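Colleague: Residues per chain are reported as follows:
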Amino acid sequence: MKTLSLQNLSKTYYDLYEGSHHTALHDISLDIPAGEFVSVVGPSGCGKSTILNMVAGFIPHSGGEILVGGQPVKGPGRDRGVVFQSFALFPWKTVLDNVGFGPKMRGVPKAERDEIAREYLAMAGLSHAADRYPNELSGGMQQRVGVVRALANKPDVLLMDEPFASVDAQTRMTLQDELSRIWEERRPTVLFITHDVPEAVFLANRVVVLSKGHVLADVPVPIERPRVWDKLVEDDAFKELSNKVLALVRSA
Amino acid sequence: MVSRRILGTMTFIAPLALLVVIWGIVVPVFQVNPQIFPSVPAVVQAGVNSILNGTLLMHVGASMGRVVLGTVLAVLVAVPLGILMGISKGVSDFLTPLLRFFSVLAGIAWIPIATLWFGYGFGAIVFVIFNGVFFIVVYNTLLGVSTIPMSLRNAAASLGAGRWALFTEVLLPGALPNIATGVRTGLGFAWRGLIAAEMIATNVGLGYMLFVARDFYQTEVIVFGMIVIGTLWLLIDRLLLAPFERATIERWGLVR
Ligand SMILES: Nc1ncnc2c1ncn2[C@@H]1O[C@H](COP(=O)(O)OP(=O)(O)OP(=O)(O)O)[C@@H](O)[C@H]1O
Ligand SMILES: [Mg+2]
Chain Y
53 MKTLSLQNLS KTYYDLYEGS HHTALHDISL DIPAGEFVSV VGPSGCGKST ILNMVAGFIP
113 HSGGEILVGG QPVKGPGRDR GVVFQSFALF PWKTVLDNVG FGPKMRGVPK AERDEIAREY
173 LAMAGLSHAA DRYPNELSGG MQQRVGVVRA LANKPDVLLM DEPFASVDAQ TRMTLQDELS
233 RIWEERRPTV LFITHDVPEA VFLANRVVVL SKGHVLADVP VPIERPRVWD KLVEDDAFKE
293 LSNKVLALVR SA
Chain A
122 MVSRRILGTM TFIAPLALLV VIWGIVVPVF QVNPQIFPSV PAVVQAGVNS ILNGTLLMHV
182 GASMGRVVLG TVLAVLVAVP LGILMGISKG VSDFLTPLLR FFSVLAGIAW IPIATLWFGY
242 GFGAIVFVIF NGVFFIVVYN TLLGVSTIPM SLRNAAASLG AGRWALFTEV LLPGALPNIA
302 TGVRTGLGFA WRGLIAAEMI ATNVGLGYML FVARDFYQTE VIVFGMIVIG TLWLLIDRLL
362 LAPFERATIE RWGLVR
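Line by line, the protein sequences are chains Y and A.
Quick note on numbering: my numbering labels position 144 of the first sequence as 196, and the sequence is numbered without any gaps.
Quick note on numbering: my numbering labels position 88 of the second sequence as 209, and the sequence is numbered without any gaps.
Just chain Y, same shape as in the assembly:
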């Protein structure tokens, strides 16, 4: 696992319709120590996805620096695993081959990467789905595959942009429980984008509140682990913290 550091990061988009430049992010600084889980929340349009896409290397940044383990980011790379809101599984590959894709790109032989993929699928309770195609799975199962596909490539940092936004509420809570468990076992460095405040608090060590392109607040979450919804739904400290963050987001 590695640290993720954003230093005075900014992003200016060129607006084709207006014919003018538009600053989406000004001067974002954020340090995520190795093995820490940080959630970023904020109202729609405040620049959450922009941050994640720049860290992933999908779009260039306009100013400042992005460092992963001290190294500047230049384009996408296997050191940063990404989980997409739209799952982004390869429809023409089986679940097993989707999960084995990262190892395949590293040149791991077929038998070995199948073994890796099976091990990760087992972790997400998906062993039975290995030979199926993504379209044969429910949304919740697809996103489990999305998460283990990213993990199976052993990234230094895991980036997630509203990964559970397109599944139903019940499934979402199960997935949050599972992600929490997986994080506790493996301790990856995580940057997790969401606009769901309870989700952000439930999962993270710290919640960063973003407002109109800058950091409004950085709230630590000192709730003990392991965290499961069964315990936390009624937990006063959890509720209080959630309300506090919610108030910050509202004021943003």
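Keep in mind that the hints were calculated from the coordinates and are not lab data.
Certain hints may be false.
Restricting the straight-line Cα-Cα distance to at most 25 Å, the calculated cross-link-like pairs of lysine to any residue (SDA-like) are [claimed, not checked]: (1) Y/K145 to A/I269; (2) Y/K162 to A/A286; (3) Y/K206 to Y/P278.
None of these values were measured; they are calculated from a predicted model.
Following the hints, position chain A with the ligands against chain Y.
Modeller: Using the frame of chain Y, we list chain A with the ligands on its own:
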């Protein structure tokens, strides 16, 4: 499933069979001149003869060989080009006007110049087939690449895929349903072009078979040839191209 397929085939064949029945009645009843239109038995006889003396096989073999070679060459060049256009706006902007222009000419408009370049026969006709398939496959590949969600390309890149892996693992399979559609449509045009080209530029093949029979007023050979041309295409299309297209769309096509 099986019985539904048989039923489907029956409903497809029934109108054609009816046409043959009407033909079988009309020709003797009105005593049609065989130099205008042949009778059913005459056509059957012509068919049997051409099978027995091997000429049918010769003509079909020649036509199919040209179609297969022209199509394979066209696909091999068109798919990488279409993908390149799909990922590079510069290449696409540059080539699109050229494609638009030449796709209008695709087909038999090329025969005169093709015969000057390749001589009468195999080369010129393969070139015509190539032309018929090429442009439509380039265009469909381009379309296919543009339907691949950006997130799939991003996912591959962040899992460590380089340029080549992106091509073989994402762009090519992602565009495959559209490529299949392109090949199917393109071959439909190329098949028509083939017959026309063979009438002009060769001395063997189904088109030539029709054209020569005309010189001898052998309407039964002409009609038999027309039946072969239509039937062959339906077989190729229904047994090969359509199932391939359907399979890729079923397996892949859930993104769209
Ligand atoms: N490609 C683009 N071109 C121009 N402006 C963009 C582009 N992408 C995003 N923006 C603008 O940048 C700002 C931040 O967008 P971003 O997608 O990062 O917001 P977000 O916080 O992820 O919102 P949401 O919660 O709705 O996903 C918005 O004002 C948006 O309109
Ligand atoms: Mg967003």
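Colleague: Each hint: holds or not?
Modeller: Results for each hint:
Simply put, Y/K145 and A/I269 have alpha-carbon atoms about 15 Å apart, close enough for the 25 Å limit, and the pair holds. For the hint pairing Y/K162 with A/A286, the CA-to-CA distance comes to about 16 Å; that is within 25 Å, so the pair holds. Among the hinted pairs, Y/K206 with Y/P278 is consistent with the structure: their alpha-carbon atoms are about 22 Å apart, no more than 25 Å.
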